[in-house]
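Visitor: Sequence:
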Amino acid sequence: MNTGSPPAVMAEGLAFTYASGGGLVRADHVLEAGATAAVEGPSGSGKSTLLALLGLILTPTAGSLCIGGTDTNSLTPSERDLLRRQEIGIVLQDLGLLSFLNAWENVAAAFGPRFGRHRGVARDLLGDLGMAELVDRPVAELSGGQRQRVAVARAAVKQPVLVLADEPTSGLDPKNADLVMGALRSCAAQGAAVLLVTHDRGVAETCDRRYALDQGVLSPVSIVSMENARTGNARKENLA
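Using the working numbering, the first residue of the sequence shown is number 1, and each one after it goes up by one.
Rather than coming from a laboratory, the hints here were simulated on the basis of the structure. Errors might be hidden in some of the hints.
[Stated by the list, open to error] With a straight-line cut-off of 20 Å between C-alpha atoms, the simulated DMTMM-like cross-links for lysine to aspartate or glutamate are: (1) Lys175 - Asp200; (2) Lys158 - Glu205; (3) Lys175 - Asp214; (4) Lys158 - Asp200; (5) Lys158 - Asp208; (6) Lys158 - Glu87; (7) Lys175 - Glu141; (8) Lys158 - Glu32; (9) Lys158 - Asp124; (10) Lys158 - Glu79; (11) Lys175 - Glu133.
The structure displayed is predicted, hence computed values, not measured ones.
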């Protein structure tokens, strides 16, 4: 982890309120380059809103957000779009892959419509993620876990400061979930900060940091609380 560089993410009092109500009440969060973090919380707790704010898709109604040392509050809409394209990779829950392209083309498409010149880097990255034999395969012919790895590769190919992932292991069997998490850890090993939202406690426990979102407020999950939860579960099992 490079502590000499500014944090990949620094949010202070970050908040967003929808016109219909709800959203994110408050998030204070610092994530260094090369670190992984998981955000847990029930549906409606604000996880999607948090991702949209960190991905510069939504503009906060309160608080501040710096990405890689850049104060996003001071940027124009076009500057925010440019920063997102250059420095943030996003793995959507529906993946957003283009069915008419093959695996490497989907990865290279992150660079824009003239993606042919990025063929080599896209193919190499997929190879690093264990998909060397599938780079020319249409994505419609890939398994769920393979498509997830293509989506991670597309998010990582521009070597962004931050990679965001929305339920990256949802619907996957344990083997494919491990492969996808391995791909995300590879992003962190290359220097990106990785933040994911998940309902899977097992996935969250593999990350460097864990956070909980409850009624729109982001809080760190301490080691003590995790140990208490495990102890409580053990007691329930003994009593059963």
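Visitor: Confirm or reject each hint.
Guide: Consistency of the hints with the structure:
1. Between Lys175 and Asp200 the alpha-carbon distance is near 14 Å, which keeps this suggested pair within the 20 Å criterion.
2. Taking the CA atoms of Lys158 and Glu205, the gap is about 27 Å. The hint is violated against a cut of 20 Å.
3. As the CA atoms of Lys175 and Asp214 are separated by approximately 30 Å, the hinted pair breaks the 20 Å bound.
4. Between Lys158 and Asp200 the CA atoms are separated by roughly 28 Å; this puts the pair beyond 20 Å, and the hint is violated.
5. With a C-alpha separation of about 23 Å, the suggested pair Lys158 and Asp208 falls outside the 20 Å cut-off, and the hint is violated.
6. For a cut-off of 20 Å, the pair hint linking Lys158 to Glu87 stands: about 8 Å separates their Cα positions.
7. About 19 Å separates the Cα atoms of Lys175 and Glu141, which keeps this hinted pair within 20 Å; it holds.
8. Between Lys158 and Glu32 the alpha-carbon distance is near 18 Å, which keeps this suggested pair within the 20 Å criterion.
9. Under the criterion of a C-alpha separation no larger than 20 Å, the hint pairing Lys158 with Asp124 is consistent with the structure, at around 13 Å.
10. For the proposed pair Lys158 and Glu79, the alpha carbon gap of about 18 Å is at most 20 Å, so the pair holds.
11. Restraint check for Lys175 and Glu133: satisfied, since their Cα atoms lie roughly 19 Å apart, inside the 20 Å limit.
Going down the numbered hints, you'll see the structure goes against 2, 3, 4 and 5, while the others check out.
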